[in-house]
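Start from the sequences, fold in the hints, and give me the full structure.
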Amino acid sequence: MRISGNQLEALYRRLYAAYGPQYWWPADSPFEMMVGAILTQNTAWTNVEQALQNLKQSKALHVHAIIELADEKLAALIRPSGYFNIKTKRLKNYARWFVDAGCFRTLKCLDDEVLRRHLLSVNGIGPETADTILLYAFERPLFVIDIYARRLFKKLTLISGDEPYATLRLAFASVLADDVPMLQEYHALIVRHGKEKCSGDATCKHCAVEALISV
DNA sequence: ACCCAGGGTCATA
DNA sequence: TATGACCATGGG
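Those letters in the first sequence? Residues 1 to 215, by our numbering.
Quick caveat, the hints were computed from the structure, so don't treat them as lab data.
Computed from a predicted structure; not experimentally measured.
We put the beta carbon where it would ideally sit given N, CA and C, even for glycine.
Just so you know, not all the hints are guaranteed correct.
[To be verified] With beta-carbon atoms standing in for the labels, derived distance ranges:
no., residue 1, residue 2, range
1, P181, L212, 43 to 49 Å
2, G124, E49, 18 to 24 Å
3, K108, S58, 17 to 23 Å
4, A17, G126, 14 to 20 Å
5, R2, N47, 32 to 38 Å
[Stated by the list, open to error] Listed next, the in silico DSS-like pairs over lysine-lysine satisfying Cα-Cα at most 25 Å (straight line):
no., residue 1, residue 2
6, K56, K92
7, K155, K197
8, K73, K108
9, K154, K195
10, K92, K108
11, K155, K195
12, K195, K205
13, K56, K89
14, K155, K205
15, K59, K73
16, K154, K197
17, K89, K73
18, K73, K92
19, K205, K154
20, K59, K92
21, K56, K73
This is the structure:
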């Protein structure tokens, strides 16, 4: 694994030039963002949109509604997002933790690493979900390593792709600027790029981004 | 019909 | 520490 700040900045500029700003995370509130982060685990976002829409229509997209709603009712609402029984438990675990921890008013005052540990203590919140919540709901500076990031950096031969999450996280953290808007945009662009298909002609954005990076 | 998607937990060795 | 099974819908 050999990652340099210059390479990461060059890649960011190339992604931004190709796709422009993505305006992530798509959510009307921080709490909706956190719910979406759990629902999208190993699931296509289009499925999550359906589930979020169901929750909105039932006025259930609120901490207390999640806590009070019967498991069967909640599971039925989030059904389109898949793994609905597991995700029902995870949403409830998270909502209870969030209230017990004092909601945003208290949580936003915690140090980055303390808050991260706290998030990871919730059953159902792993490193990726915790980091997306930290970056987009709590606006903490960090680089999210998801499946798209692994694929892209592997393709660019900057990583092997099977490094543990902690290894990649520390490697990126040591090299990237603590620029929250940039880091939010960076992750969004990587996902956007991952979904983009090759157009087949010379104007292909996908191929332009993946061309060799000269530092 | 098959494959995978904006992961994480738990049991096993 | 490191694999493997499991969870489940919807779109290509």
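Status of the hints after comparison with the structure:
1. P181 <-> L212: 43 to 49 Å: Given about 28 Å between the Cβ atoms, the range is violated.
2. G124 <-> E49: 18 to 24 Å: Given about 20 Å between the Cβ atoms, the range holds.
3. K108 <-> S58: 17 to 23 Å: violated (28 Å)
4. A17 <-> G126: 14 to 20 Å: With Cβ atoms ~33 Å apart, the hint is violated.
5. R2 <-> N47: 32 to 38 Å: Because 37 Å falls inside the window, the suggested range holds.
6. K56 <-> K92: Status holds; Cα separation ~17 Å.
7. K155 <-> K197: Judged against 25 Å, a Cα distance of about 15 Å means the pair holds.
8. K73 <-> K108: Violated - the C-alpha atoms of K108 and K73 are around 31 Å apart, more than 25 Å.
9. K154 <-> K195: holds (16 Å)
10. K92 <-> K108: Measuring from Cα to Cα gives roughly 21 Å; hence the hint holds.
11. K155 <-> K195: holds (15 Å)
12. K195 <-> K205: holds (12 Å)
13. K56 <-> K89: holds (19 Å)
14. K155 <-> K205: This hinted pair holds, its Cα atoms lying about 16 Å apart.
15. K59 <-> K73: holds (13 Å)
16. K154 <-> K197: Between K154 and K197 the Cα gap is close to 17 Å, so the pair holds against 25 Å.
17. K89 <-> K73: holds (12 Å)
18. K73 <-> K92: With Cα atoms ~12 Å apart, K73 and K92 stay inside 25 Å; holds.
19. K205 <-> K154: Distance of about 18 Å is within 25 Å: holds.
20. K59 <-> K92: holds (16 Å)
21. K56 <-> K73: holds (14 Å)
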